[in-house]
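One letter stands for each residue in the lines below.
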Amino acid sequence: MKSPSPAIPFDRGGAARFMPWLVALMVFLAALSLAAVMTLQHALEFWDASLAGTLTVELPPVPAPAPAPPSNAKVKTSPNKNPVSNDGGLAAALALLRATPGISGAEPLGRDAVARLIAPFLGNALSPEDLDLPRLIDVRLSTGAPPDLAALQAKLAAVAPGAVIDDHRLWLDRLVLFARSVQITALVILALIGTVAVLTVMFVTRTGLLVHREAIELLHLMGARDGYIAHQFEREALRLGLAGGAAGLLLSGLALLALGHAAGASAFLGDAVTLVPALHLKGWNWLALAGLPLAAGLVAGLTARLTVLATLLRLP
Amino acid sequence: MSSFAAMVRFENVGMRYGRGPEVLRDISLSLEPGSFHFLTGPSGAGKTTLLRLIYLAERPSRGLISLFGKDLSGLARRELTPLRRRIGIVFQDFRLIPHLSAFDNVALPLRVAGTPESKLRGNVRELLEWVGLADKLEANPPTLSGGEQQRIAIARAVIASPSLLIADEPTGNVDDAMALRLLHLFEQMNKLGTTLVIATHNAVLAARSGRPVLHLENGELMRGPVSARQTPRPPSAKADQTKGHAGQNKEPAVS
Numbered sequence: 071m072k073s074p075s076p077a078i079p080f081d082r083g084g085a086a087r088f089m090p091w092l093v094a095l096m097v098f099l100a101a102l103s104l105a106a107v108m109t110l111q112h113a114l115e116f117w118d119a120s121l122a123g124t125l126t127v128e129l130p131p132v133p134a135p136a137p138a139p140p141s142n143a144k145v146k147t148s149p150n151k152n153p154v155s156n157d158g159g160l161a162a163a164l165a166l167l168r169a170t171p172g173i174s175g176a177e178p179l180g181r182d183a184v185a186r187l188i189a190p191f192l193g194n195a196l197s198p199e200d201l202d203l204p205r206l207i208d209v210r211l212s213t214g215a216p217p218d219l220a221a222l223q224a225k226l227a228a229v230a231p232g233a234v235i236d237d238h239r240l241w242l243d244r245l246v247l248f249a250r251s252v253q254i255t256a257l258v259i260l261a262l263i264g265t266v267a268v269l270t271v272m273f274v275t276r277t278g279l280l281v282h283r284e285a286i287e288l289l290h291l292m293g294a295r296d297g298y299i300a301h302q303f304e305r306e307a308l309r310l311g312l313a314g315g316a317a318g319l320l321l322s323g324l325a326l327l328a329l330g331h332a333a334g335a336s337a338f339l340g341d342a343v344t345l346v347p348a349l350h351l352k353g354w355n356w357l358a359l360a361g362l363p364l365a366a367g368l369v370a371g372l373t374a375r376l377t378v379l380a381t382l383l384r385l386p
Numbered sequence: 585m586s587s588f589a590a591m592v593r594f595e596n597v598g599m600r601y602g603r604g605p606e607v608l609r610d611i612s613l614s615l616e617p618g619s620f621h622f623l624t625g626p627s628g629a630g631k632t633t634l635l636r637l638i639y640l641a642e643r644p645s646r647g648l649i650s651l652f653g654k655d656l657s658g659l660a661r662r663e664l665t666p667l668r669r670r671i672g673i674v675f676q677d678f679r680l681i682p683h684l685s686a687f688d689n690v691a692l693p694l695r696v697a698g699t700p701e702s703k704l705r706g707n708v709r710e711l712l713e714w715v716g717l718a719d720k721l722e723a724n725p726p727t728l729s730g731g732e733q734q735r736i737a738i739a740r741a742v743i744a745s746p747s748l749l750i751a752d753e754p755t756g757n758v759d760d761a762m763a764l765r766l767l768h769l770f771e772q773m774n775k776l777g778t779t780l781v782i783a784t785h786n787a788v789l790a791a792r793s794g795r796p797v798l799h800l801e802n803g804e805l806m807r808g809p810v811s812a813r814q815t816p817r818p819p820s821a822k823a824d825q826t827k828g829h830a831g832q833n834k835e836p837a838v839s
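Line by line, the protein sequences are chains G and D.
Take any residue in the first sequence, count from 1 to its spot, add 70: that is its number in this note's numbering.
Take any residue in the second sequence, count from 1 to its spot, add 584: that is its number in this note's numbering.
One or more hints might be untrue.
With a cut-off of at most 25 Å between alpha-carbon atoms, the simulated DMTMM-like pairs for lysine to aspartate or glutamate come out as follows [claimed, not checked]:
1) D:703 with D:713
2) D:720 with D:753
3) D:654 with G:236
4) D:654 with G:296
5) G:225 with G:236
6) D:654 with D:610
7) D:654 with D:642
8) D:654 with D:677
9) D:703 with G:296
Only some residues are given here: those of chain G computed to face chain D with a beta carbon under 10 Å [claimed, not checked]:
10) 79
11) 294
12) 324
Quick caveat, the hints were computed from the structure, so don't treat them as lab data.
Ideal placement from N, C-alpha and C gives every residue a C-beta, glycine not left out.
Whenever a hint applies, use it, and build me the whole structure from the sequences.
And the structure:
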């Protein structure tokens, strides 16, 4: 047995026709904003996990004494042409670091690793030998009892003049600040989209109340409770919200996959050092995105219900 | 007749829309349960407004209205809903819902009241058969004639067995034979205890029924003709100011 048709002819309401499209657009934008928030959260966790508990010690190149030029020759020698091996300082610094309590390991970065680090910026034409590059030591800290960095800096300077400890905090703090700003902006956009969605549904519902006022008054005079009439609008708004939301989710899913592909293509440094956060969404992230059409439907239904109930109070 | 027992009671009721002039002035009347009245008067006299006040579509600008023995001014808005379910209405313009079938239109008051589908089907079919529309159950109103639409409107008004039936020109679009048949239906309902108020231009129908008449002129209720059996007074004649005559022959107490 088929269920009875709704008493209010919603298919004849003008503004309601556009509601699924508007909801689809809003869910699309909301999904992108939410994906940005979640992706940045993963990036922050990745940066924090990668850099927390590590230090980098930089040993600046020390110019070696240039060989005495022939007395008659006027050959201009560039310091770059005399790369310096800082192995003396490196060995001393390594010995100091490994002997320091609170440090679980210290490994120098080989020249090949340094070359890979600078390749994206300077290309492969230059080798580290052509440049006065500092030697880098990757230091891993013991958990729970970090060393006194100021004291360590002083000791390092004694055995390896010019050595600098970089605990990554400065640029990590800036990166986190930037990422948090983007996240807050995305959340504000999300809230604005929600507000616009509510206002849109209110507008569509009020238009519907106006278009169907005769049918509504008829139901009211027959003894329909406000909740009965509101339920009809609520059910219709829920249906339109879910339909529009599903379309918006589909569009946003395609857009996110395309963006993920683009982000993957830009990860030229490999996952370990890429600055562009890869668009990796976990399972629950996709669930959260899939919940957007449901949220859109529920918001639309609830808004329609409350709008109708408020308007019906004007009837005697 | 005690005022407590009155089905409909108006005391000095006035009605104006917005800041416009009063369309009803100082209406006082009392209708007994089980009574049957015609409401007559020229166009613009306020018949529809009076009916709208009775079927709770409007609140009066002044005065008191009691329905089913309850003073409406003392009732909260939600308390009016059960009263509305005891009133059947036949609108002058039918007010059928065009996208619903004849069956669904007639079933609507029962569905609104929460009657299960299994219980309403038989009643709706039976009533539509009675008004001669057994073969039009699934037809939508725009495909039906004016008379057929009117019969659906009447069937919808009586399907929930209302205690009070209000009809605004219910015979306006039907031929004399059908008008008499509808009048017979109203008589049957009245015999079963339903109180009826029927607004009509059809003086012949009112006369044929022999029922008391409420007559409106320029927003005021006139005493004459109170019954088609009596000689009408001139329209300018005001109603008798003395109360207490209403119980005789179930004529309305008009003041």
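Status of the hints after comparison with the structure:
no., hint, result
1, D:703 with D:713, "holds, 17 Å"
2, D:720 with D:753, "holds, 23 Å"
3, D:654 with G:236, "violated, 86 Å"
4, D:654 with G:296, "holds, 22 Å"
5, G:225 with G:236, "holds, 15 Å"
6, D:654 with D:610, "holds, 20 Å"
7, D:654 with D:642, "holds, 16 Å"
8, D:654 with D:677, "violated, 29 Å"
9, D:703 with G:296, "holds, 24 Å"
10, 79, "holds, 4 Å"
11, 294, "holds, 4 Å"
12, 324, "violated, 37 Å"
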